[in-house]
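J.: Model the full assembly from the supplied sequences, consistent with the hints where possible.
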Amino acid sequence: MANEEQDRQEILELHRIWWEANHQLVIPEMQSVFPSGMSYLMFNLNGHQYFGIEEKTKLWEHYQKEIDIVMYPDIEIMRLAISGDMAWLACEGIFPIRAIGAGGTGSATWELSERDYDNFLLRATEIYQRDDGDGKPVWKMWHFHASPMAPADEERPGVGGTQNERGVGHGPGITPKRVTRSGTRS
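For the sequence shown, UniProt numbering assigns the number 1 to the initial residue and increments by one for each residue that follows.
Any given hint could be a false lead.
What the hints assert, rightly or not - Capping the alpha-carbon separation at 20 Å, the derived lysine to aspartate or glutamate pairs in DMTMM-like fashion look like this: (1) K177 - E55; (2) K136 - E4; (3) K58 - E20; (4) K177 - E13; (5) K65 - E55; (6) K65 - D116; (7) K136 - D153; (8) K58 - E165; (9) K65 - E13; (10) K136 - E10; (11) K136 - E20; (12) K65 - E54; (13) K177 - E76; (14) K65 - E20; (15) K136 - D7; (16) K177 - E54; (17) K58 - E29.
Since the hints were made in silico from the structure, they are not lab data.
Just so we're clear, the structure is a prediction, and the values are computed from it rather than from any experiment.
T.: Listed below in structure tokens is the structure:
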């Protein structure tokens, strides 16, 4: 039986592999994080849902022709909670991206600026389950949901403060943790 620290390390390793695979869209690394078959569900930044690892792979094959993620995303973990065979992780960060194909992101909800690289601000929730999709007790990410963050200099309605003032991943009582290589901020 695994202990909580071992579970934590296994989940953090999956989180690291996932975000580092996004750098240059490395499909085999990405695939290793998720359960087999139709178990996985993603709510992508492009506003669309993807069901199972096969659809996720097709998305990345498409994006390899449309976008470039030449630098590592700069992702800070805000929370990781583990309860038995389930866990969730909340993070936010900077995702350096540029369009290289005519389709770009392919989404009206995730448009890129005209600059070379957009340091896109995002937040994400990752849901983990100790099940590889075939019933083996191995941690995998079963759900991923990403959404854009407000502009870094925008005041939070009702409470004030900006992301620039707070810092990526920081919040009340939160000391962020990074397990990925850092992207380049500008």
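J.: Decide, hint by hint, whether the structure agrees.
T.: These are the hints, each one checked on the structure:
1. K177 - E55: Violated - the C-alpha atoms of E55 and K177 are around 30 Å apart, more than 20 Å.
2. K136 - E4: This hinted pair holds, its Cα atoms lying about 18 Å apart.
3. K58 - E20: Answer holds: K58 to E20 is near 19 Å, not above 20 Å.
4. K177 - E13: Distance of about 13 Å is within 20 Å: holds.
5. K65 - E55: Satisfied, since the Cα-Cα distance of roughly 16 Å is no more than 20 Å.
6. K65 - D116: 16 Å, holds
7. K136 - D153: Given that 20 Å is the threshold and the Cα spacing comes to 45 Å, the pair is violated.
8. K58 - E165: Status violated; Cα separation ~39 Å.
9. K65 - E13: Violated, at about 28 Å.
10. K136 - E10: 15 Å, holds
11. K136 - E20: Violated, because 25 Å separates the two Cα atoms, which is more than 20 Å.
12. K65 - E54: 18 Å, holds
13. K177 - E76: This hinted pair holds, its Cα atoms lying about 6 Å apart.
14. K65 - E20: 19 Å, holds
15. K136 - D7: At roughly 15 Å apart (the allowed maximum being 20 Å), D7 and K136 satisfy the hint.
16. K177 - E54: The given pair, whose Cα atoms are some 31 Å apart, is violated under the 20 Å limit.
17. K58 - E29: Holds: K58 and E29 sit about 15 Å apart, inside 20 Å.
Consistency note: the structure conflicts with the earlier hints numbered 1, 7, 8, 9, 11 and 16.
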